[in-house]
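Chain order of the listed sequences is Z and X. Each residue of the first sequence is one higher than the one before, starting from 1 at the first, in this note's numbering. Each residue of the second sequence is one higher than the one before, starting from 1 at the first, in this note's numbering.
I should point out that these hints are in silico values taken from the structure, not numbers from a laboratory. Be careful, since some hints might not be right.
[Said to hold, decoys possible] Calculated cross-link-like contacts (lysine-lysine; reagent style BS3-like; alpha-carbon spacing at most 30 angstroms):
{"#": "1", "chain 1": "X", "residue 1": "167", "chain 2": "Z", "residue 2": "104"}
{"#": "2", "chain 1": "Z", "residue 1": "125", "chain 2": "Z", "residue 2": "88"}
{"#": "3", "chain 1": "Z", "residue 1": "36", "chain 2": "Z", "residue 2": "26"}
{"#": "4", "chain 1": "Z", "residue 1": "88", "chain 2": "Z", "residue 2": "132"}
{"#": "5", "chain 1": "X", "residue 1": "39", "chain 2": "Z", "residue 2": "26"}
{"#": "6", "chain 1": "X", "residue 1": "96", "chain 2": "X", "residue 2": "59"}
{"#": "7", "chain 1": "Z", "residue 1": "26", "chain 2": "X", "residue 2": "159"}
{"#": "8", "chain 1": "X", "residue 1": "116", "chain 2": "Z", "residue 2": "63"}
{"#": "9", "chain 1": "Z", "residue 1": "26", "chain 2": "X", "residue 2": "133"}
{"#": "10", "chain 1": "X", "residue 1": "39", "chain 2": "X", "residue 2": "167"}
{"#": "11", "chain 1": "Z", "residue 1": "161", "chain 2": "Z", "residue 2": "45"}
{"#": "12", "chain 1": "Z", "residue 1": "104", "chain 2": "X", "residue 2": "116"}
{"#": "13", "chain 1": "X", "residue 1": "110", "chain 2": "X", "residue 2": "57"}
{"#": "14", "chain 1": "Z", "residue 1": "75", "chain 2": "X", "residue 2": "110"}
{"#": "15", "chain 1": "X", "residue 1": "167", "chain 2": "X", "residue 2": "182"}
{"#": "16", "chain 1": "X", "residue 1": "182", "chain 2": "X", "residue 2": "59"}
{"#": "17", "chain 1": "Z", "residue 1": "63", "chain 2": "X", "residue 2": "110"}
{"#": "18", "chain 1": "Z", "residue 1": "104", "chain 2": "X", "residue 2": "159"}
{"#": "19", "chain 1": "X", "residue 1": "110", "chain 2": "Z", "residue 2": "104"}
[Claimed, not checked] Label-pair ranges, simulated between beta-carbon atoms:
{"#": "20", "chain 1": "Z", "residue 1": "94", "chain 2": "X", "residue 2": "39", "range": "34 to 42 angstroms"}
{"#": "21", "chain 1": "X", "residue 1": "59", "chain 2": "Z", "residue 2": "94", "range": "38 to 46 angstroms"}
{"#": "22", "chain 1": "Z", "residue 1": "44", "chain 2": "X", "residue 2": "110", "range": "33 to 41 angstroms"}
{"#": "23", "chain 1": "X", "residue 1": "124", "chain 2": "Z", "residue 2": "50", "range": "41 to 49 angstroms"}
[As the list claims (entries may be wrong)] Just some of the chain Z residues that point at chain X, by a computed CB distance under 8 angstroms:
{"#": "24", "residue": "69"}
{"#": "25", "residue": "70"}
{"#": "26", "residue": "99"}
{"#": "27", "residue": "100"}
{"#": "28", "residue": "105"}
{"#": "29", "residue": "138"}
{"#": "30", "residue": "140"}
{"#": "31", "residue": "143"}
{"#": "32", "residue": "144"}
{"#": "33", "residue": "145"}
{"#": "34", "residue": "146"}
Quick reminder that beta carbons are idealized off the backbone N, C-alpha and C, glycines included.
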Amino acid sequence: MNRTLSAVTLALLLCATLFAQGVFDKSPVEIAPVGKVQVKAGVSKDVNLDFRIGSEYHINSNKPNSPLLIPTVLKLNPETPLVVGDVKYPAGQDMSFPFTGNDKLNVYSGDFSIAAFLKAPANAKPGTYPVKGELRFQACDHSACFPPRTIPVQFDIIVVK
Amino acid sequence: MKRNGLVFVALTIAILAMLAGGKYLDRARKHGPIKLVGKVQGLAAPDFTLVSLDGNKVKLSDYRGKAVLLNFWATWCPPCKVEMPWFEDLQKQYAKDGLVVLGVAMDDSKPDTIAKYASELGVNYPVLLGTDKVSDDYGDVQYLPTTFYIGRDGNIVDKMTGLLDRKDVEDAVRKALATAYKPVTAQQQNQAQVEQKAGAENTNR
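Just chain X, with the same shape it has in the complex (with noise of 0.2 angstroms):
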């Protein structure tokens, strides 16, 4: 009788996990697995091209030595207008230092509407047109406005919802700026290149 109960435990736990399992997998087959969960500070800023306003293609990992203060935001969402202008006067100070703007817009209103949205505040920076996938890469963003400083090195140095004082907000800033940034020389792309071909041949055989 008592292994039967321990069966029944066991059986419900797999249940679960199935269940759990195939919840993230249906995320996962409809947009990639989620890579940014938990704590995310020191995790590589997953890349991405997202379309411009102005309609330009524009890579995460083109920035790669810059600091990166990446803003998720949307028109519909009243606390994200108030730290726009902020980003666009960081963006003014820092802009020498080696600071980059990013917007991304997760709205369906028009792009037409957003760069309307945008001016109107002020906002020259590049603001990109969100898609599903980017949000799911950077944890299902759903809370807005949701803004990651990229260090770099690629690298995660802060998250912040919600919207908080512009100190905090030009600290993260700060700290994005101090990160350190190893360029990777000729040499070493070339025997990186290498290795990945190798490794691809000894796949095949």
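Isolated chain Z (complex conformation) (with noise of 0.2 angstroms):
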């Protein structure tokens, strides 16, 4: 009975703490984990960066074919003496929907990566340095669109001599 008590409890202030947490508002589009990337002092480096879009849902490629479609954009701000270069966007698909007719937009859907060319300069001390941002996009799925939102984007570098 205790046991069966103690379950019941857990199991609340699990879901109590989810709940605060808004885990329940799943969003469309998730991040994997990033391992831990090491890079020399004075060189750079591209850093892959894999999502998930749900299996219902479609979202902007980084070159929507209109101008009023909101972009996938990456953006990541690492700590100093870190430098964030280009970001490579895989080259969305051109796909049809129930409300597209004969228009075609340009998205991902699945699975797709982000590359982020991160360079860590000469004279950056060895050592382990936050990178933080966020990935903003718009997402749909067969017959309606969810507001524009951003999820985080974290992980670390590591510099080595």
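Take the two lone chains and join them into the complex the hints point to.
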């Protein structure tokens, strides 16, 4: 009986915590965990960030077919002295939907990766440097769209000599 | 021991309720209470005053006696674009019967951009600039397009989210037009004002 009560208590506490953190407001796009990224001082490196779009959704690519559509954009703010160079977006797919008629939208669906070019200057001290940023996107399903939203992007760069 | 367990469960439920309440109150503090949740048919459509693209103030309750098609949309919403010409056609077809179409743009774009977009779709009905408050009042409108069909009495007849068939839209318009409206006479209005005044005086005492 006590075990059951403890289990129920724990489950409720977990639900409360998740609720408070807004975990049930699930984003249509999620980022895969980024492993440890090691960069030598004075060297640049492409960091691949992997994202997964929920199966029922698509999001505009970085270059949608209309200026009114909201592109997917990654912004990164690394800690000094790291520098972000180019961000390489994948090409979108031209796809038709029940609401587009003969027109096509340039979108991402399923899994996609964005490569961010990060540079550690030659004088960078060895250590761990956090990189924080966000991915902005606008998702739709087969009949409706959600407002633009952002998800946090965060990983560490380990600078070595 | 058993009693301790029950206390734990009760405390946890209390924490959960407080968190849920806190979240609700946080929203309510920002925008007022959310008025429309769950089944909305039959509920009074929350009144609002919004600014239209041509700078006029538009108040929903001014259309009492008419059926109102209230469409939430945005320029970044391709499905919304499909419906808007339908609404324009329906406005033309049923205006004589008392239909009013109001678009609410839930957009961060400049009014000029919204106006150009609506004009390219042939929209002539009023387009209003949406606010977070009106979105929250209508149940936190996030999924676009969302359309409310409001009867002549100011009550919601139907709510539709996402792109549906034109026939569904027209059926909902007809349902809204079929509602009855009993205008408030001047005498009833005076009586209501007297009662309201008396109530306020009693409260102040």
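Going through the hints against the structure:
1. X:167 to Z:104: Within the cut-off at roughly 25 angstroms; holds.
2. Z:125 to Z:88: Holds, because 27 angstroms separates the two Cα atoms, which is no more than 30 angstroms.
3. Z:36 to Z:26: holds, 26 angstroms
4. Z:88 to Z:132: holds, 17 angstroms
5. X:39 to Z:26: Cα-Cα ~23 angstroms, so holds.
6. X:96 to X:59: holds, 21 angstroms
7. Z:26 to X:159: OK: residue 26 of chain Z and residue 159 of chain X at ~24 angstroms, within 30 angstroms.
8. X:116 to Z:63: holds, 22 angstroms
9. Z:26 to X:133: holds, 23 angstroms
10. X:39 to X:167: Status holds; Cα separation ~22 angstroms.
11. Z:161 to Z:45: holds, 14 angstroms
12. Z:104 to X:116: holds, 21 angstroms
13. X:110 to X:57: holds, 18 angstroms
14. Z:75 to X:110: holds, 24 angstroms
15. X:167 to X:182: holds, 29 angstroms
16. X:182 to X:59: Holds, because 19 angstroms separates the two Cα atoms, which is no more than 30 angstroms.
17. Z:63 to X:110: Holds: residue 63 of chain Z and residue 110 of chain X sit about 21 angstroms apart, inside 30 angstroms.
18. Z:104 to X:159: Distance of about 29 angstroms is within 30 angstroms: holds.
19. X:110 to Z:104: Given that 30 angstroms is the threshold and the Cα spacing comes to 25 angstroms, the pair holds.
20. Z:94 to X:39: 34 to 42 angstroms: holds, 40 angstroms
21. X:59 to Z:94: 38 to 46 angstroms: About 44 angstroms separates the Cβ atoms of residue 59 of chain X and residue 94 of chain Z, which means 38 to 46 angstroms holds.
22. Z:44 to X:110: 33 to 41 angstroms: holds, 39 angstroms
23. X:124 to Z:50: 41 to 49 angstroms: holds, 47 angstroms
24. 69: holds, 6 angstroms
25. 70: Nearest chain X Cβ about 5 angstroms off; hint holds.
26. 99: holds, 4 angstroms
27. 100: Check passed: Cβ of residue 100 of chain Z comes within 6 angstroms of chain X, closer than 8 angstroms.
28. 105: holds, 7 angstroms
29. 138: holds, 6 angstroms
30. 140: holds, 7 angstroms
31. 143: holds, 4 angstroms
32. 144: Since the shortest Cβ distance to chain X is 4 angstroms, the answer is holds.
33. 145: Check passed: Cβ of residue 145 of chain Z comes within 4 angstroms of chain X, closer than 8 angstroms.
34. 146: Holds - the Cβ of residue 146 of chain Z comes within 8 angstroms of chain X, reaching about 6 angstroms at its closest.
In this structure, every one of the numbered hints holds.
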